[in-house]
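For the record, the sequence lines run as chains A and B.
Just so you know, the first sequence maps onto residues 12 to 180 in this note's numbering.
Just so you know, the second sequence maps onto residues 153 to 420 in this note's numbering.
For the record, the hints were derived by calculation from the structure and aren't laboratory data.
Check before you lean on any hint, since a few could be wrong.
In silico SDA-like cross-links for lysine to any residue, where the CA-CA straight-line distance does not exceed 20 Å [claimed, not checked]:
1) K94/A <-> Y328/B
2) K343/B <-> K163/A
3) K249/B <-> K347/B
4) K100/A <-> E377/B
5) K406/B <-> H95/A
6) K226/B <-> S281/B
7) K270/B <-> I313/B
8) K347/B <-> F98/A
9) K159/B <-> V178/B
10) K169/A <-> V378/B
11) K100/A <-> R80/A
12) K343/B <-> L160/A
13) K164/A <-> E377/B
14) K169/A <-> K100/A
15) K219/B <-> I273/B
16) K164/A <-> P379/B
17) K94/A <-> K219/B
18) K180/B <-> K155/B
19) K169/A <-> K343/B
20) K163/A <-> E388/B
21) K94/A <-> K249/B
22) K265/B <-> G301/B
23) K100/A <-> G354/B
24) K390/B <-> K169/A
25) K100/A <-> W338/B
26) K164/A <-> R370/B
27) K406/B <-> W38/A
28) K163/A <-> G301/B
29) K199/B <-> M299/B
30) K326/B <-> R418/B
31) K100/A <-> P316/B
32) K155/B <-> R268/B
33) K197/B <-> S185/B
34) K94/A <-> I313/B
35) K219/B <-> K180/B
36) K199/B <-> Y328/B
37) K164/A <-> K326/B
38) K406/B <-> G50/A
39) K270/B <-> P316/B
40) K94/A <-> L51/A
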Amino acid sequence: MAQHQVNYTQDGGLPVALTTIDKVVNWGRSNSIWALTYGLACCGIEMMASGASRYDFDRYGTIFRASPRQSELMIVAGTLTKKHAEFIKRLYDQMPEPRWVISMGSCANTGGMFNTYATVQGVDRVIPVDLYLPGCAPRPETLQYGVMLLQKKIRASKAGKAQKPKRLM
Amino acid sequence: MRKYTPKKDVQAKSYYTDRFWVAPQVAKSPVESDATFSEDLAAIKEKFEVLDAYIQVDQMVVYINAKDNFDVIKLAKEDLAYTQMSELSAIDWLADKGQFEIFYQMLSMTKRKRIRIKCFIDEQEPILSVEKLFRSADWSEREMYDMYGVIVNGHPFMKRILMPDDWSGHPLRKTYPLIGDEAAAWYEVDKIFGKEARDVIGPEIRDTARIDRYDTERFSRLGHEVPHGAAIPEGEPKTPLAYQEDGGVFLIKKFHEDDSVIITDRDR
Ligand code: SF4
């Protein structure tokens, strides 16, 4: 290297890119966030719209999967009822680590307008949440921005196997 | 005129009730004003005791004894051609009379008429299922049990239908608080993590409009994001919208807000 004075890390050098393992792994992770389809109520419609052609989530590498075992992101879009709470926990536990959760809309954040006996007052009572999106319902742009922020968060974290456990308790 | 009741300490009451307000009632007309209904009522009266009957909004309402409910509905279905059970449920009058009012809304397609069979039962008194006559009563009776705690005898599958099986209380009773009792408030915590987790997770925050701009553990402003838990007593700096942070990953094109163009001319 010293002999040829080639700066391999610059464009126009040899086709070699130097980087760290963390960056490569996180680059892969942040650009292939497979999301679990989790439309629980009206917010689910906006989530579907974000996945469809107009807003096109595929270009972020965010592809909806119907199985928790194939996904690393859970977008909780809608009202979580108390009856359903145990199932969301079970599905979350089935997702492989590392995993992230976006709580989409007022209902998932805080129970929203459903200040009643049957609604969980925020999914963070049951599973740990990384991002809260405000709105009723949040527009697809908000969800897009949320996913972009999540990508940033992933890139800012360590890629090692030992993830800091995200536990409620 | 209404009976006079002493109004001592009326100010001390925590809520306001208009003493002179009377709930409006839909006008009732006698059953004799309609020939079809008169015949139907006569047929019911022949075999069963009818406590009250009138026509309201073109529908006949018949009050019967609770023990006759199956037989009256059977008669209405088989002899009087009321072949559809459109709805069935209970009304909570526990505070007023200590009773539930059960109603069965029935429709005759041939006569183009609707009747409503009603009866009163006490709180713990069971009522006979009409599921044998109308399959639609299956879920309605389960819902009635779920929401009011009305016990239905002879039902093939008497379980809750909407609330979870291990729920306590019956939510549509007037005495059930809208935000739920204690069991409801802790339901998901108790079930998933166990009772000892109550202290860790804490009570529900029912103030859904609560926002604290300076609490960066829970809130962040769009376009003003700061790291989790950062202290921002002077307000948060503006963070430019960027898809890819500087020093981020190679191969991905950086997006800078300054480089973007906002199109104002639609016919460009
Ligand atoms: S936040 Fe609004 S749009 Fe979203 S699920 Fe709740 S009620 Fe529906």
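Taking the hints in turn, this is what the structure says about them:
1. A hinted pair counts as satisfied when its Cα atoms are at most 20 Å apart, and K94/A with Y328/B qualifies at roughly 18 Å.
2. Of the supplied pair hints, the one linking K343/B and K163/A is violated, its CA atoms being roughly 35 Å apart against a limit of 20 Å.
3. For the hint pairing K249/B with K347/B, the CA-to-CA distance comes to about 38 Å; that exceeds 20 Å, so the pair is violated.
4. The suggested pairing of K100/A with E377/B is violated, with an alpha-carbon distance near 29 Å, which exceeds 20 Å.
5. Restraint check for K406/B and H95/A: the C-alpha separation of about 41 Å exceeds 20 Å, so the hint is violated.
6. For a cut-off of 20 Å, the pair hint linking K226/B to S281/B stands: about 12 Å separates their Cα positions.
7. The straight-line distance between the Cα atoms of K270/B and I313/B is roughly 23 Å, outside the 20 Å bound, and the hint therefore fails.
8. A C-alpha spacing of about 18 Å is found between K347/B and F98/A, which places the hinted pair at or below 20 Å, so the restraint holds.
9. This hinted pair does not check out: K159/B and V178/B have alpha carbons roughly 29 Å apart, beyond 20 Å.
10. At most 20 Å may separate the alpha-carbon atoms for a hinted pair to count; K169/A and V378/B meet this at roughly 19 Å.
11. About 14 Å separates the Cα atoms of K100/A and R80/A, which keeps this hinted pair within 20 Å; it holds.
12. Taking the CA atoms of K343/B and L160/A, the gap is near 33 Å; set against the 20 Å cutoff, the hint is violated.
13. The suggested pairing of K164/A with E377/B holds, with an alpha-carbon distance near 12 Å, which does not exceed 20 Å.
14. Taking the CA atoms of K169/A and K100/A, the gap is near 25 Å; set against the 20 Å cutoff, the hint is violated.
15. The straight-line distance between the Cα atoms of K219/B and I273/B is roughly 9 Å, inside the 20 Å bound, and the hint therefore holds.
16. Distance check on the hinted pair: K164/A and P379/B sit about 10 Å apart at the alpha-carbon level, within 20 Å; holds.
17. Taken as a hint, the K94/A and K219/B pair is broken in the structure, with Cα atoms around 35 Å apart against an allowance of 20 Å.
18. For the hint pairing K180/B with K155/B, the CA-to-CA distance comes to about 23 Å; that exceeds 20 Å, so the pair is violated.
19. For the suggested pair K169/A and K343/B, the alpha carbons sit about 34 Å apart, so the restraint of at most 20 Å is broken.
20. Annotation: proposed proximity of K163/A to E388/B holds, straight-line Cα distance about 19 Å (limit 20 Å).
21. For the suggested pair K94/A and K249/B, the alpha carbons sit about 33 Å apart, so the restraint of at most 20 Å is broken.
22. Restraint check: the Cα-Cα separation between K265/B and G301/B comes to about 31 Å, which exceeds 20 Å; the hinted pair is violated.
23. Between K100/A and G354/B, the direct Cα distance comes to roughly 18 Å. Compliance with the 20 Å bound is thereby established for this hinted pair.
24. A C-alpha spacing of about 26 Å is found between K390/B and K169/A, which places the hinted pair above 20 Å, so the restraint is violated.
25. For the hint linking K100/A to W338/B, the alpha-carbon distance of about 15 Å falls within 20 Å, and the restraint holds.
26. Pair hint K164/A plus R370/B holds up; C-alpha atoms about 16 Å apart against a cutoff of 20 Å.
27. Restraint check: the Cα-Cα separation between K406/B and W38/A comes to about 13 Å, which is no more than 20 Å; the hinted pair holds.
28. Using a Cα cut-off of 20 Å, the hinted pair K163/A and G301/B is violated, with the two alpha carbons roughly 52 Å apart.
29. Simply put, K199/B and M299/B have alpha-carbon atoms about 32 Å apart, too far for the 20 Å limit, and the pair is violated.
30. The suggested pairing of K326/B with R418/B is violated, with an alpha-carbon distance near 57 Å, which exceeds 20 Å.
31. With a C-alpha separation of about 16 Å, the suggested pair K100/A and P316/B falls inside the 20 Å cut-off, and the hint holds.
32. For the hint linking K155/B to R268/B, the alpha-carbon distance of about 31 Å lies beyond 20 Å, and the restraint is violated.
33. Among the hinted pairs, K197/B with S185/B is consistent with the structure: their alpha-carbon atoms are about 17 Å apart, no more than 20 Å.
34. Between K94/A and I313/B, the direct Cα distance comes to roughly 11 Å. Compliance with the 20 Å bound is thereby established for this hinted pair.
35. Straight-line distance between C-alpha atoms of K219/B and K180/B comes to about 26 Å, which puts the hinted pair past the 20 Å bound.
36. Distance restraint check for K199/B and Y328/B: the Cα-Cα separation of roughly 39 Å exceeds the 20 Å cut-off, and the hinted pair is therefore not satisfied.
37. Restraint check for K164/A and K326/B: the C-alpha separation of about 48 Å exceeds 20 Å, so the hint is violated.
38. Using a Cα cut-off of 20 Å, the hinted pair K406/B and G50/A is violated, with the two alpha carbons roughly 32 Å apart.
39. The hinted pair formed by K270/B and P316/B fails the criterion: a straight-line CA distance of about 29 Å is larger than 20 Å.
40. Between K94/A and L51/A the CA atoms are separated by roughly 12 Å; this keeps the pair inside 20 Å, and the hint holds.
Hint compliance for this structure: hints 2, 3, 4, 5, 7, 9, 12, 14, 17, 18, 19, 21, 22, 24, 28, 29, 30, 32, 35, 36, 37, 38, 39 are broken, all remaining hints hold.
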